[in-house]
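Quick note, the sequences are listed as chains G and D, same order. Note that the working numbering gives residue 210 to position 210 of the first sequence, counting from 1, and the numbers run on in steps of one. Here the working numbering = 1-based position in the second sequence + 1000.
Calculated directly from the structure, the hints in this document are not laboratory data. Everything numeric in this text was worked out from a predicted model, so none of it was measured. Quick reminder that beta carbons are idealized off the backbone N, C-alpha and C, glycines included. Fair warning: there could be bad hints in the mix.
As the list claims (entries may be wrong) - In silico DSS-like links for lysine-lysine, alpha-carbon gap of 27 Å or less: (1) G:Lys-4 <-> D:Lys-1120; (2) D:Lys-1070 <-> G:Lys-98; (3) D:Lys-1192 <-> G:Lys-165; (4) G:Lys-49 <-> D:Lys-1120; (5) G:Lys-98 <-> D:Lys-1018; (6) G:Lys-41 <-> D:Lys-1176; (7) D:Lys-1018 <-> G:Lys-41; (8) G:Lys-219 <-> D:Lys-1190; (9) D:Lys-1120 <-> D:Lys-1176; (10) G:Lys-165 <-> D:Lys-1190; (11) D:Lys-1050 <-> G:Lys-98; (12) G:Lys-3 <-> D:Lys-1070; (13) G:Lys-49 <-> D:Lys-1176.
Stated by the list, open to error - Stretch by stretch, here's where chain G covers chain D in the computed footprint (C-beta under 8 Å, at least three residues): (14) 1056-1067; (15) 1074-1086; (16) 1103-1115; (17) 1127-1135; (18) 1151-1162; (19) 1167-1173.
To be verified - Residues on chain G that point at chain D, a partial pick, calculated with CB under 7 Å: (20) Ile-43; (21) Leu-53; (22) Lys-59; (23) Cys-62; (24) Gln-63; (25) Asn-113; (26) Tyr-173; (27) Lys-178; (28) Asn-229; (29) Leu-231; (30) Gly-237; (31) Ala-269.
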Amino acid sequence: MKKKIIELIIELYRVAETKLPDDVISALRSAYEKESNRLAKSILSAILKNIELSEELNKPMCQDTGVPTFYLEVGEKFPIKHELRELIMEATRLATAKVPLRPNAVDPFTGNNTGDNTGRFIPYIHWDFVEGNNLKITLLPKGGGSENTVQLRMISPGLGLEGVKHAVIEAIYDAGGKPCPPVIVGIGIGGGSDIALSLAKKAILRPITERHRDRLVAKFESELLDYLNRLGIGPMGLGGDTTVLGVNIEYAHRHPASMPIGIVTQCWAARRASVTIDSRGNTRWISHREVDLYD
Amino acid sequence: MTREYFLKTPIEEEVVRKLRVGDTIYIDGLVITARDAAHKRAIDYYEAKKEVPVKFYGNVLYHCGPLVKKIDEKWEIVSAGPTTSTRMEYIEPRFIEIFRPRIIVGKGGMGEDTTSALHKYGAIYAAYPGGVGVLAARSIKKILGVEWLDLGIPEALWVLEVENFGPLTVAIDAHKNNLYLNIRESSYEKLKDITSI
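Take these sequences, add in the hints, and give me the full structure.
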């Protein structure tokens, strides 16, 4: 079972790095169809061509293969629990050589790169314990360019939703071409500062074709998407109709005196992969319709 | 109308002076990657009168930290799109003054100081779509060398021979036109229209 999980995680890395989820590819194709700016259209065409090549040649679409974050949902009856951390570390070392991944874990004090994408708190793991006998593993390898434009804003609650709207639009304006637009914007509203950012990052795991189940939130997502695309920043910040592919919001209750807003930018290469494995070792892919197994 | 140019390194100053923002270019020849750490070391070496092992003059400086694989002691470039150029903004004008690359390739654009330096020393900044790593790697024909590997694989100087590297968009020309700053100005106007806080 342990060997099977390690192999599955290596496969998760390969799939995430070489195949975008279906919802992201469709959004990029439709952005290309609709784009009226000549330069923007040629950039989107290069992006689509790169996606095809990446999948065909089985090579990571972007040289920045990201810093890996895992989201685990561990069923109470799933046979392996606390060893999962070590299995993820081992699979990450192996995937670095096999996929391959660019070594992206650097010690902030010495500047030393560990060379295998593991390190202190890296890969980071979010744990969730659920009923049943399945383990769900989601991998989010996120690039540095789009991580550098993430913002946390603590606004006056009195500004209300208009204040949230302003904060988000200003953050995407500040980001300009730096996070490799067209981007997906994940927004976390409420909680404390850490919760807002954590929810914002979790929000980008949801397919952009799905709106929030709460109607009020869903409406706000659609409105923000429309406003953000009016900025005209365009693909790579060189102008155009498509700046944002999708806006996903998650929220928590907040302190009466606080309105934290986490704003996470995710580049067009919105890589994520999700799979479940049951206690007998049967697997099912969630993020991708079909996965050709590769050895 | 789009103007297209096919350039071969080393590139003369008068050639890039003719280019304007919005032009499309393709490059054959020598491209050298350098990110934050390599920029800093190159300038430190120059000031300490130590030799920098590569020649940027007239060639292409590429803001890129490639994904590479070593097979039988030989390096292979797997994916090699551009990195965010603004990280080098604080150091780029000095780098241009000393090393005189003719074309800088990156993504996301650069600021006013670099725009002035490009104008003064007769060079341009060209954009390659970010994240388009496999397509970029296809135009790399040969790895001519790698220096300063102690900085880490992404930060090292990779000396590459490219063929038909493009399409690159001239985003900052040698006449102080900066496409990014133009877009930012118009986005700011729209921002003010949309929100009132």
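Query raised in the report: Taking 27 Å as the top limit, are the C-alpha atoms of G:Lys-49 and D:Lys-1176 close enough?
Result: 32 Å, violated
Query raised in the report: Per the CB criterion, is G:Ile-43 less than 7 Å away from chain D?
Result: Nearest chain D Cβ about 5 Å off; hint holds.
**Report entry** Claimed coverage, the region 1167-1173 of chain D by chain G - three or more beta carbons nearer than 8 Å
**Finding:** holds (count 3)
Query - Given coverage of the region 1103-1115 of chain D by chain G, tested with a Cβ cutoff of 8 Å and a minimum of 3 residues - result: holds (count 3)
Report task. Have a go at the G:Asn-113 hint: is there a Cβ in chain D nearer than 7 Å to its own Cβ? Result -> 4 Å, holds
Requested in this report: Apply the coverage criterion to the region 1056-1067 of chain D and chain G: a residue qualifies when its Cβ sits closer than 8 Å to a Cβ of the chain, and three qualifying residues are needed.
Outcome: holds (count 4)
Query raised in the report: Keeping to a limit of 27 Å between CA atoms, is the pair of G:Lys-41 and D:Lys-1176 held or broken?
Result: Holds, at roughly 25 Å.
Query - Restraint outcome when G:Asn-229 is required to lie within 7 Å of chain D by C-beta distance - result: 10 Å, violated
**Report entry** D:Lys-1070 paired with G:Lys-98 [C-alpha distance capped at 27 Å]
**Finding:** 11 Å, holds
Query - Given hint D:Lys-1190 paired with G:Lys-219 - CA-CA distance at most 27 Å - result: 22 Å, holds
Query raised in the report: Regarding the pair G:Lys-4 and D:Lys-1120, is the alpha-carbon distance no greater than 27 Å?
Result: 60 Å, violated
Query raised in the report: Against chain D, is G:Cys-62 within 7 Å by beta-carbon distance?
Result: With Cβ-Cβ at 4 Å, under 7 Å, it holds.
Against the hints set out earlier in the document, violations occur for numbers 1, 4, 5, 11, 13 and 28.
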